[in-house]
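Quick mapping for you: the protein sequence lines, in order, are chains Y and Z.
The opening position of the first sequence corresponds to residue 1 in my numbering, with each subsequent residue numbered one higher.
The opening position of the second sequence corresponds to residue 131 in my numbering, with each subsequent residue numbered one higher.
These aren't lab readings, by the way, just hints derived from the structure by calculation.
Please note: incorrect hints may appear among the correct ones.
[What the hints assert, rightly or not] Quick partial rundown of chain Z residues pointing at chain Y, CB under 8 Å, derived from the structure:
#: 1; residue: E652
#: 2; residue: Q695
#: 3; residue: R696
Built from N, CA and C at the ideal position, the CB exists for glycine as well.
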Amino acid sequence: VANLVIAIVDDDDAARMAVMALMRAKGFAVNGYASAEDFLQAEPNLSHCIITDIQMPGMTGIELKQRLVVENCRTPVIMITARVEQNVYQMALAAGAFCLLRKPFKANALIECVEKALAQQDDTRNESDV
Amino acid sequence: MSDPLPPSPSHRSDNPMKRSQAEVDVVDLVEESVAVFGFNMRVTAWNAEAERLYGWKRSEVVGGVIQAAVRCSPSEPLRVILARVHETGSWRGEFSRTTKSGETVVVAARWSLRRDSAGRPLDIVETSRDLTEIRRTEEALDRVQYQYQTLFQASAVAFWELDIFDVITMVGTLRQAHRDHLRVYLTGDPDYVRQLIRTTRIIDINAQCLAMFGNGDRQDLLRNFDRCWPDESLGVFADCVMAAFEGKPHFSAEAVLCSITGQRFSTLFTVSYPRQGSSTTRLLAGVVDLTEAKRARAEQEASERRYRDLFHFVPLPLMRLENQDTNEIFMQARAAGVVDFAEYVKEAGLTDRLLDGVKIKEVNAATVTMFRARSTDEFVGSVARYWTESLDVFRQVVAARYAGKSAFEALIKVVAHDGAILDVLFYVAFAPITGQQNNTLVGMIDVTDRIKAQEMLARVQAEVAHAARVSVLGELTASIAHEVSQPLTAIETNTEASLLWLAHTPPNIDEVRELAQRTSAEAQRAAGIIQRIRSMAIRAAPVHEIVDLNLIIDEALLFLRHELQRNGVLPVLRLSPDLPGILGDRVQLQQVMVNLGLNAIQAMAAAGRADRVLTIRTSVADDGRIGVEVQDTGPGLEADALSQIFDSFYTTKESGMGIGLPICRSIIEAHGGALSAANRSDRTGARFAIMLPRAAS
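With the rest of the complex left out, here is chain Z (with noise of 0.2 Å):
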């Protein structure tokens, strides 16, 4: 700035352009913007700054008032200036002006009062920079000050701002002597770092670290730094002082820290190192509570494993399968009004793509072990091969889904991986329709055996009812033989009296053709009989057909004719004439209405009472059931002998199986009924009372 200013207008008139051309070429080297004027404000002297930052060439101002270029607008009045230039020498300010393109900069200015020798004022000398920019980097500045603090006071992150000057001091010492072995000295030194913890100085805490370790006293957490560290995360210290002389930007590790009342947290420790090669010893470290975010992962990842133990530990054969297709074909079905969608799924021929759209993602190993499979690898793929046998079932499924159901369940057939066919309890559970992944659960029990059981014990318990109903047929043998002698016993006298009528003369061939004649009619009626009798013997599967019981009382009696002709009872049937038709086995639910009509006139018979009636009445119950009252007037049941009836191989009669009435109960459970017994409220005998459901219309 010491370099010769241009000379006054005086003297450039000697020789103005080969001087002024001198002089500018030593200002153009200035920095900063350089104007010379006259008190009349008229430009002498322009130097290449200022071309630059007001875009006049010096040519287009020289010789000009300086406003006319750049408009100014001063902070103060212009004779202000000059009058403070006159007086003191000198003037600094502001000066916003407008460039040759229109663009408003901010200078900073300061004009110089030039004198002669005589020391006369000559002229005034501007330099001006340009504040623009600097203003700008000043504004960001502040904003990024301001955002820091706004950041670092209002931060959920607890920061501590440190000063590890006297740290870097201590470590620097012991690192001349230990070289490469700091690490090594540090980790094995617990006491040396804790001493160096007690040299870093804190510089500030924002109001999340007062509120995270402190007690509500600030002064008392700023003196306190190494209560923060528990022995355990002395470590991390070390590491984090490590970090700061290995030159690394950044520090970041989980520590646990405790807050100056002894409350312990798990944390992320966080360090920001200055840049490289500045000379401040300040960071910012910044801490964040982990233990609530530690917790929410800790039982999510428990969740999860509970849910994984669940599903593969559990003896409950299951499949996670996922829905690849089927929300568009719901789409679609929804779009075009689809109510029925198995039956839509039927006709449009879906089946296919659906069962194709169904992966399988995951099965247990009770699944592996119920398909008989050897690893669950040999589960990837579609469920279409598990459905060959129920496919049905499957469109009930997905309707199901379509309709919006959360559940499904089903008794279906599958087929095992070695070929078995398996009845399956097949249950499913829709997760709620959410996205592209569709997931579904699906459970699975494997009741082939108990439904082999099942099969087995109906075998069985036909099979008993058949012995059983010998056994009546054994005891019925003299009803039996009295029913079917009588025809026969028709046809032989018929048949002898048609000799007769054959050997008179002339043969009476009338009297013959009218025995003839009766004679078909009984062996029809001993016919009847056997055929009653056969049924009744023979050994027949349940066959379940819509039966009147009505009907099957009138038959049943028909075998107990006898019996009761025999013993003097009388038969009484109030039958409901509108009875309605009931699912089951005709002659099964004839043996229960024989067996209890014989035990009702042994009863009687063996009472030896008067007065024998059996009473058998049909009924519609308010519930819809049908009802079968069987009553007798005899003795009625011993209180003993009413619980024990229907045990098997009870009996209070001295000839008999006792294997009556048990299969009685067990006949009418099969076909959804109840058998209870009862003594008559006025106690003249006992009541036996059939409660079966109805037929689906």
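Isolated chain Y (complex conformation) (with noise of 0.2 Å):
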């Protein structure tokens, strides 16, 4: 899995950083930003995986999500969120997010959520190779 990246976007220092290390306690190659707007800057296309908060200053997980529709790109979108409203479970799966999980989490419910993610994009691989 070491060739495996996840892109991981928080504004929240510590929750970014804690993400990021057990991501990479489970082999995984990693990527920090502490918003949507540096992470479309970097790499929209280069990882695996993305991790995203929802609530963040300036672009929200969610209009991440959207942008990556509208560009199509395909990488699945992991949200994570501490805010407690209904709506935003709705508004999250509308968007397309793979999954959505609420602060605080379990991290073996993370590090379940990221592998579904990786296995459904190698599905979808190996359907677009087929």
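Join these two chains into a complex; the hints should help.
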């Protein structure tokens, strides 16, 4: 899995670094970004999976996903949020999030989510290869 | 005076010693001084009175020239006198003579020419009487008369000189018939008394009498004595007549008299009667106008009564005190150049002496009630027992008097007679320091209940403020959850990552160490958030300390950070770098800032405008007060809302308790400040302004 790249977008330094540490411990390569804008500028298509916070100054995680859809980027996006409102879940799914995790979440739930997203991507790739 | 006179010197030569002796014995009984001398002025006889008057013994004078003994200064030349005596047989005149001891006596003398049986002039017989005493008496009499006249005429007292001869005659007849019942008779017959007044003759009146009773015409007043006596005063005249019959020396009574023009006055009517046995029936009646004196006395009495009524019946507790030692201690202190008297009293240990010197002289009913005493008797003594709880204030009171202040006011605690401690607003007015008696009036207002009510109100306010904070915390639940979930997520994730690194072969200890450090930092961050929330949620009595408003605003923004972010509001801080501290409660002031900030954020979010800016500004006003402004770019406040937003339970929000702004205002007012709301002048939002007093440096 070492050649699989996970991008992590979160304005909260501690949260971002924690997720990066977890992904590295699982053997993934990681790239961290403090905002959606930074991510878009650097590498929209280089990652195999994107983990993004929803609530950020400037572009939100949902807006980021919408932007990627517009740009035809199909990289799975896992969203995390500390917000409790019910409609956030609807909005995230409507935007096409692969899954949504509410903070605080179990680390294993995130790992499971990432693995699923990568597996699905493999399937998709395989399908496209066919 | 028909006694035989001494014989001529020629006869005396027969048997001078024997005859002379017998004749002189008789002459010695005469009250006048008698001297006999010849035309050569040599003395042949000298009686006992002459010895007494002139001091010369008979033996020293007889045979000598009379002038040698008693130098004479006759009113006329001696030869003129002698010529008169020869011509008419006698002369009367005055001599000023010198006695043996050198004193001058004035004598009235009569010289008579004695002739022998043939009608030839024989010698001169002088009888003389000492005029000195009489002169003195006359002069004294003149003086008394002059004084009397002066007094009579110039006196401020009105005088009538009356002759009651006819009155006495009239009443005397009546007295025969009525004996002991004269007074009863007179009292029962006013017409008769009126008649007595008319019968009274007026001899004289003085200028004051004319001025007081007359109309300018002296004769008119002299004729109309009875018009000065109104019916109500007839009894006084009757008593005056009775007193004359009873032989009293004086009579004095208050009577209403009136002038002949009809003006009435209250007077003191006094009469001096002639001495008993005197045949005169004239008497002097003096009248003093008491109208002025009476009015002055009545006014003074009324004033004293008003003071007494005020003192005793005013519902305000009052005490009248007298200071005994105070002046002496003041003088000593002044002599020593003392400026800070309160400190001086404390150091010199004079407090007890001063306290003991202040005695309670009088208390009113309200004081008895306030001190829960049973009667005013319980207050006798010094004020010491009332100052046990506020000795420092007592020293300040005395210091105020020392400094010449006219009054002093303070809130003190006093012990009531049942042992209860009262909060009392104490007011003292100092009388000017005069002589030994220093009166001081003290007023007190029992504010125990008011202070209790204030304390209760403060407690209720604190409770409501607490409830409001809890309510705000409720509104901030999402923010708080967000705040706390951040570190919690980081901790969970870091911990799981650490476990994964530990599971590697070999375990990656460096990664684990770094993760453990970051985990610890996140735990701290979570603890910090919880601490903030707890301080807001804790119910505590307000604590007043010097606080920095800029810091309070920073802290408030930590609560609001998530709300700002969530609603896309940009916070802009314009904080004055050199803001003085204020005296206040940190949590309550923080609550105000959170409330105002939250209101602004919600207003801007509700309006749905794109441009959302929350500006918080601090500044120092010209008058030294500290200003805080919270501005938003929302829709602003409706005119109706502007007048009501500080009312409890008024809200423009669909959800929310509506107790935010009233609580904010009461917190700011409790800090001695003011909170006002307005729209920004360019109508681009609302502006809340706080003014707070700076802490005394």
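So, going through the hints one by one against the coordinates:
Satisfaction of the interface hint for E652 (chain Z) is found here, the shortest Cβ-Cβ separation to chain Y being roughly 5 Å, below the 8 Å cut-off. Satisfaction of the interface hint for Q695 (chain Z) is found here, the shortest Cβ-Cβ separation to chain Y being roughly 6 Å, below the 8 Å cut-off. Given the 8 Å rule on beta carbons, the hint for R696 (chain Z) holds: about 7 Å separates it from the nearest Cβ of chain Y.
Violated hints are absent here; each numbered hint is respected by the structure.
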